[in-house]
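S.K.: Residue strings, one per chain:
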Amino acid sequence: SAVISQKPSRDICQRGTSLTIQCQVDSQVTMMFWYRQQPGQSLTLIATANQGSEATYESGFVIDKFPISRPNLTFSTLTVSNMSPEDSSIYLCSGGGGETQYFGPGTRLLVL
Amino acid sequence: DQQVKQNSPSLSVQEGRISILNCDYTNSMFDYFLWYKKYPAEGPTFLISISSIKDKNEDGRFTVFLNKSAKHLSLHIVPSQPGDSAVYFCAASAWGGGTSYGKLTFGQGTILTVHP
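Listed in order, the protein sequences are those of chains A and B.
Numbering follows my numbering, in which position 103 of the first sequence is assigned residue number 103; successive positions increment by one, without gaps.
Numbering follows my numbering, in which position 28 of the second sequence is assigned residue number 28; successive positions increment by one, without gaps.
Take every hint as true, because none was put in to throw you off.
Now the stretches of chain B that chain A is said to cover, found in silico as 3 or more residues with beta-carbon under 8 Å: (1) 36-47; (2) 103-112.
Derived, one-sided and incomplete: chain A residues facing chain B with beta-carbon distance under 8 Å: (3) 31; (4) 45; (5) 99.
Now the in silico label distances, taken between C-beta atoms and shown as ranges: (6) A/11 with B/5: 31 to 37 Å; (7) A/11 with B/67: 40 to 46 Å; (8) A/84 with B/15: 41 to 47 Å; (9) B/79 with A/72: 42 to 48 Å; (10) B/26 with A/9: 31 to 37 Å; (11) A/9 with B/27: 32 to 38 Å.
I should point out that these hints are in silico values taken from the structure, not numbers from a laboratory.
Cβ atoms here follow ideal geometry from the backbone N, Cα and C, with glycine treated the same way.
My request is simple: use the sequences and hints to build the entire structure.
M.R.: What follows is the structure in structure tokens.
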């Protein structure tokens, strides 16, 4: 298994600003992903964080809005850019070396 | 297009009885299925998984059944405990390669309440 931590755990931001969320895994993992859970909704995949190369985004998500970095096999960041109230959500990172993914505690973002 | 569906938004059971949570999927490329439990203000916690080459997997009080022909899986919790009260998510992935490698598609979740 993998233990995943995220920072910050929560934040309140003004519209038009950006927030960078950090994800740290306690061991090297092959894959890392970023998900979003909007209020009352399920988890939706934003992108696959690829080590040493550009992230792979799902339909409806773009790099300009959600730039992602993954400099090594244990760390990734997600930036939510030019925020609007619609970005208020829980952002979760996950990682795993095989079929099972483990999740961080999430970052609760409120955009005013 | 909802590829993974949990049609029951909530389930209420008595402590000590069996809880059965259901999940249906439509994408025949899915070959690995997982159940996660989520408490409020926490991330999803992995519970149990099953590969499409099996029809049952057991871990303590948790058993997952897979019916590939019906594209249906279920999670059985026996006996149910009040601490099991949480949101349960079914998730599926396609490990056959290609661009879907490892990505999880989640159902909407089922809120389980276990009464003492």
